[in-house]
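Protein chains in written order, with my numbering: chain A, 10 to 127; chain B, -15 to 93.
A hint or two may mislead.
Using C-beta positions, here's what the derived DEER-type ranges look like [said to hold, decoys possible]: (1) K53(B) / G49(A): 41 to 51 Å; (2) Q(-7)(B) / K66(A): 37 to 47 Å; (3) R25(B) / G72(A): 38 to 48 Å; (4) P17(A) / P(-8)(B): 16 to 26 Å; (5) L36(A) / K53(B): 26 to 36 Å; (6) A(-6)(B) / I60(A): 31 to 41 Å; (7) K66(A) / S12(B): 40 to 50 Å.
Among chain B residues calculated to face chain A with C-beta under 7 Å, some are [as the list claims (entries may be wrong)]: (8) S8; (9) A62; (10) T85.
Quick caveat, the hints were computed from the structure, so don't treat them as lab data.
Where a beta carbon is used, it is the ideal one built from N, C-alpha and C, also for glycine.
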Amino acid sequence: DGGITQSPKYLFRKEGQNVTLSCEQNLNHDAMYWYRQDPGQGLRLIYYSQIVNDFQKGDIAEGYSVSREKKESFPLTVTSAQKNPTAFYLCASSIGPRGLAGGPGEQFFGPGTRLTVL
Amino acid sequence: SQQGEEDPQALSIQEGENATMNCSYKTSINNLQWYRQNSGRGLVHLILIRSNEREKHSGRLRVTLDTSKKSSSLLITASRAADTASYFCAINTGNQFYFGTGTSLTVIP
């Protein structure tokens, strides 16, 4: 049963703490992405990775960090430097650069993690 | 901003009617994609249209793309209550995707 999973579904954090959100895919996709969604808003790109051991900053990378040590996994750490971390976080994957001509193809999304800072 | 912008922000229709939502963008694209999001859930891919295509169909969905006007439209025909959701366009430029703020569609039974 192929797909992309995120955990936990809900996460509460005290101010000043770092937290790590998990994202795993078994779709054999090269590319993975992290987005942030605020209420009533679209998705904003935090980081993306086209291949293992390589990742690029998106539009709102400040206060976040990622790693891509395995093809299947792309964890996101929300650091204490992120000033307003309360949001809905979505992970996605796509086939990546080796995909169809004209772009990396469709994205498959996980169910999301809702992070609340207390 | 390179993100798409959807119009209208909200749309309410009766079951059986057609729903049309639009997306405008500012940059050159590889392709444009439409996604659906039910409240509090992840996004689900609906349809992808490449920059050299003008129209695509998938079931009750019809997407058009006008690259000269930098705009796209999504038409859902014969809407159902289950179509109630937010719909987002995403423009693909290179390796990134840029999402709009979405159209919230409510289909009244």
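Hint-by-hint comparison with the structure:
1. K53(B) / G49(A): 41 to 51 Å: violated, 27 Å
2. Q(-7)(B) / K66(A): 37 to 47 Å: Check failed, 29 Å falls outside 37 to 47 Å.
3. R25(B) / G72(A): 38 to 48 Å: Because 25 Å falls outside the window, the suggested range is violated.
4. P17(A) / P(-8)(B): 16 to 26 Å: Given range 16 to 26 Å: violated, Cβ gap about 35 Å.
5. L36(A) / K53(B): 26 to 36 Å: holds, 35 Å
6. A(-6)(B) / I60(A): 31 to 41 Å: holds, 40 Å
7. K66(A) / S12(B): 40 to 50 Å: violated, 22 Å
8. S8: violated, 13 Å
9. A62: Cβ of A62(B) sits 24 Å from chain A, so the hint is violated.
10. T85: Since the shortest Cβ distance to chain A is 4 Å, the answer is holds.
This entry does not satisfy hints 1, 2, 3, 4, 7, 8, 9, going by the numbered hints stated previously.
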